[in-house]
Each structure stands twice: as C-alpha cells, then as structure tokens.
Amino acid sequence: MGGDDGATAGGRTFQREQAAESFPSTLEVLSSGLCEGGASVRGSQRWGEVLQAQVARKLQQHRGIWRSLAGATRATFVRTETVRFWTRTEQIVWILAESARASGIRRTHYFGTFSTIRSLPMKLYTYPANYRVFKVLVAAEYNGIDIELPAFDFHKDIKSASFKAKTPAGKVPVLETEEGCIFESGAIARYVARLRPDTGLYGKTFFESGQVDAWIDFSAYELEVPLEVWVHPILGVGQFNAAALTRAKADVKKALQTLENHLHLRTYLVGEQVTLADIVVASALVYPFKFVLDKEFRKPFSAVSRWFSTLVNQPEFQAVVGDVPLIDVALTAEGDNSAKKEKKETPKKEKAAPKEEEPKPKKVEHPLAVLNREKPSSMSLDAWKVQYSNAKNLADAMTWFWENLDTEGYSLWFCDYNYNNENSKMFMTCNAVGGFLQRSEAMRKYAFGVMDVCGVEGSEIIITGCWLFRGDSEKHMIEANPDAEYYTWKKAELNDETKARITAYWCNEDELEGKPIADSKVFK
Numbered sequence: 001m002g003g004d005d006g007a008t009a010g011g012r013t014f015q016r017e018q019a020a021e022s023f024p025s026t027l028e029v030l031s032s033g034l035c036e037g038g039a040s041v042r043g044s045q046r047w048g049e050v051l052q053a054q055v056a057r058k059l060q061q062h063r064g065i066w067r068s069l070a071g072a073t074r075a076t077f078v079r080t081e082t083v084r085f086w087t088r089t090e091q092i093v094w095i096l097a098e099s100a101r102a103s104g105i106r107r108t109h110y111f112g113t114f115s116t117i118r119s120l121p122m123k124l125y126t127y128p129a130n131y132r133v134f135k136v137l138v139a140a141e142y143n144g145i146d147i148e149l150p151a152f153d154f155h156k157d158i159k160s161a162s163f164k165a166k167t168p169a170g171k172v173p174v175l176e177t178e179e180g181c182i183f184e185s186g187a188i189a190r191y192v193a194r195l196r197p198d199t200g201l202y203g204k205t206f207f208e209s210g211q212v213d214a215w216i217d218f219s220a221y222e223l224e225v226p227l228e229v230w231v232h233p234i235l236g237v238g239q240f241n242a243a244a245l246t247r248a249k250a251d252v253k254k255a256l257q258t259l260e261n262h263l264h265l266r267t268y269l270v271g272e273q274v275t276l277a278d279i280v281v282a283s284a285l286v287y288p289f290k291f292v293l294d295k296e297f298r299k300p301f302s303a304v305s306r307w308f309s310t311l312v313n314q315p316e317f318q319a320v321v322g323d324v325p326l327i328d329v330a331l332t333a334e335g336d337n338s339a340k341k342e343k344k345e346t347p348k349k350e351k352a353a354p355k356e357e358e359p360k361p362k363k364v365e366h367p368l369a370v371l372n373r374e375k376p377s378s379m380s381l382d383a384w385k386v387q388y389s390n391a392k393n394l395a396d397a398m399t400w401f402w403e404n405l406d407t408e409g410y411s412l413w414f415c416d417y418n419y420n421n422e423n424s425k426m427f428m429t430c431n432a433v434g435g436f437l438q439r440s441e442a443m444r445k446y447a448f449g450v451m452d453v454c455g456v457e458g459s460e461i462i463i464t465g466c467w468l469f470r471g472d473s474e475k476h477m478i479e480a481n482p483d484a485e486y487y488t489w490k491k492a493e494l495n496d497e498t499k500a501r502i503t504a505y506w507c508n509e510d511e512l513e514g515k516p517i518a519d520s521k522v523f524k
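Using UniProt numbering, read the sequence shown as starting at 1 and increasing by one per residue.
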C-alpha cells in the first residue's frame, strides 16, 4: 500500500491476431486511419501531412524488406516493426484523436484497428498474494494482455544479481518487457492500462486521465498507508503498535468518507465505466474488506461497500482475487488487547433499585430446525454440499444425489425472475444475483441452489435457478429473503425429464435450455 517491496513487463511490442502474412496491409490500415484523422481535424493538417510522409517512407521500406523474408523471420519482423511504428506515432495519434473528439469527429480508424492487436506476454516478478500486483493483473485482464508470473523465491531471488539488474530499487514487483524493466506497482499498472487506449481504462479524454491519476495518488497516500499499518500486523508483517493503530483507523475512516461522498451518486470513480482509478482503489481494499473492515465499521460507508462489491464480482477481478467475502467481525493482531481494555475500562453503573424483571422473550427456533430435530432426514444436506463441491465430474455428484435424495424430507424448486425485461446491463444483473444469495443467508443450513444469468449483453438477459429446500415448501425462503417474492417458484415433479433439467441447472457451464450462461452462482 505504500512503496513497493521490491521487483517486470513487456515492451510495447504488438502482434496482429491475423496471419503474419498480412503485415503490410496491417500497417496500411493503421496509417490510413492515422492520416485520415490528421487531415480531418481542424488545425491539425500539418501534423497529418507530416505523419503521412513518414508512413509512406516507412511502408516503402517495409515492402522491400518483407519480400526478402519468410516464415519465422517474418513473424519477428512483424513484432519488431509494429512496435516501432506505434512508438513513433503514439504522441501524434493522441493529439489528433483528442482534437477529433473535441471537434465532434468520430473515432479515427486507428482506434478500431488497435483493438485487433494484442501485446506479447510479459513477466511480472513478485511474491504470492502481493496486494500491490492486484491492480496490475486486473488491468491486464480488462485489456486482454498476457502477463506471466514466474516462480519467485522472495528471500532468495531478490538478492540475486540477475534480479538486481532488473531494478535499481531492488524491490518487487518488477515488470519485464522486451524493451526493458519497469519497477514500482503504480508505474506498472499505468503502463498496462495505457497499452490499450481503445478500452478507456486510463480515461477517454486527457481530462479523465488526469482524474484517474488523482485517484491513484489518493489511494497511495491517503488510503494504502494507514491500511498497511492496520492490516500488516494481522498478516504477521511488522509489529503491532496501539498508538499507530488508533491513528490508522482514524485516517482510514477519513479516506473512506471521501470515497463515500464521491460515490454517493456515482457508479464509478471516473466517467461511466471501470477505469484504472477503480481498479487501484478497489485492489487496495481487498484485504481490508476481508480482514478488518467489519460490519460495524462499514455502516457509514454504504456507497463504498456497494461500489466495492460491484467491482470484485466482475470476472476480471475474480480472475485475480477470487471471491472476497466481507468480514463480519474484524480480526486483530497479536498483542492487540484494545477490545478487552475497552471492556475493562467501561465504568460500572450504579446499582439501581431492584425492580421486577420482565420475562425475556424466548428465542424462536427456526421451523426447519424443529423439523430436523423431530423428523430427521435420511439425507445429509451437508454431505450433499461436500459431494458437489469436491466432485471433479459433477455428473458423479448427481449420481450420488439421486441415490440419496429423501423426497419426503426435501423438495426441489425452479425459480424465474418476474422482471427479466428490466435486466439491461449484464454486470448489474450478475451483481443483483450475488446480492440475492447474500440475503438468503438464513437458509444456509436448509437449502442448496444454483442461480444462472443467461443471455448476452444487448439482448434478452434472464435470471433463473433451481433449489433444494428442506421441507416441502418455498415459503421459508420467501420469509428469509424478501427479494424471493419477485420470483415465480414452481415445485419440480420428479420424473426422468425433470431430473435431466435439474442436472442441467446444477451442472451445465456454457448453455442452459438453449441460452448461453453468462454467470452462474452456487448457494451452498
């Protein structure tokens, strides 16, 4: 969260996803887009003419060299010359594109062509689970960039001469590229985000890029520093200091309040899409939300919690950080006795005059807990969840399920969302399903289910699911989760056709009843 720990990513070398033989036409398409952009922008005619002359000379050289090459040599030529072409024109392109947008001119052909180019794999040197590289890897996921993570023995390799040659700082992370090495996690994340201007990860305009930089600096100086003081002792990094912890908690609250105020009426930190600003700040909060920012601490920061949950449930984040359950009660570092001291130092209240105590209301036992006690089922729900979770082949798990299902003690239900016509954005729909499962927590001991989001962005998106409930009714789910009333619940009548349908709901990964599965979540 502050400076980096010590140690890399690949040069700005690009390769057409098409066959290498198309390289001359690739440069012609790039150059035509660039030159058209230059000639179309008022006041930029001279830049366009200069660039066009440079491109014409370059293409003439390329055609001569190209004819003399073949096979793997051509592929090397593609990688080398494309990066050189891009590097020389990069600054001019940005000036032209920004001027074009300001003048109301649509994107030049260059930006459309760029999306068909991808970077070659780069190497990132770091130790496992380093939160500072989360932002780098998530940005790479959004930009479709391959980054390798070589095996790295921190205590041994960081002292090696080969590693020290990669970075003057002698710390990780370090990104190794064909052009050389980049150190410091913030610089690496910026580099990776800038590799794909067409994705808007670094902002769609120069102004938005400035806003992205502002939030990156905010994260580094206002958020990450106090969070490290709080979290690191819990992870066994550094010693606990009570005074430092008190100050750190106050600073974290102040930083989160800044975020809360900004996100109150916004979905993202900058603009109308995920940018590097969101990635950097959310990455810094992954461990805090998992370990210390508990339910009580989060109460004043509902907008921040909503924004964070939205981000970490995106596939690009989950590919890097996995699931991020929010902590209920904060963990404490060894030696942190603040909770005990607060309890001990609380002044005792004076004894009040004895009065008749009102009888405390008895805790009502859940009806399904009563059912478990009075009419135990022959099937263990926990055993089924273990079978499902550990099965290498879900078909084997389903065999176990049908052999052990207690049809008198359990019932199966299909559910369909009643307002699928309102599902306009895929990520919002997926997040809504995640929220639905969170609000079903009271049914954790009595239910198992799979919820699928099917369809594609821009077309029909539907939410559907299949559940196993203890007992013969869906009413306990509706009582536990108010959102369940927005679904139509239909009890499954078991026959071969229905069993096949249930198996599809619980096992299919790509398609369900003719519709592509965009996201699937399991409640277990």
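A couple of the hints might just be wrong.
Simulated pairs of lysine-lysine, DSS-like, Cα-Cα distance not exceeding 25 Å [said to hold, decoys possible]:
#, residue 1, residue 2
1, K515, K445
2, K375, K385
3, K521, K490
4, K445, K392
5, K253, K290
6, K445, K295
7, K392, K254
8, K515, K491
9, K425, K445
10, K254, K299
11, K123, K164
12, K385, K204
13, K295, K254
14, K524, K295
15, K445, K490
Estimated spans, in silico, between C-beta atoms of each pair [to be verified]:
#, residue 1, residue 2, range
16, A242, Q438, 32 to 40 Å
17, Y419, K375, 32 to 40 Å
18, E457, A129, 41 to 49 Å
19, Q211, L235, 28 to 36 Å
20, H264, A151, 41 to 49 Å
21, K445, E403, 20 to 28 Å
These are calculated hints, taken from the structure and not from any lab test.
C-beta: ideal position from N, C-alpha, C; glycine also.
*asked:* Of all the hints numbered above, which does this structure not satisfy? Sort the numbers upward.
replied: 1, 7, 9, 12, 18
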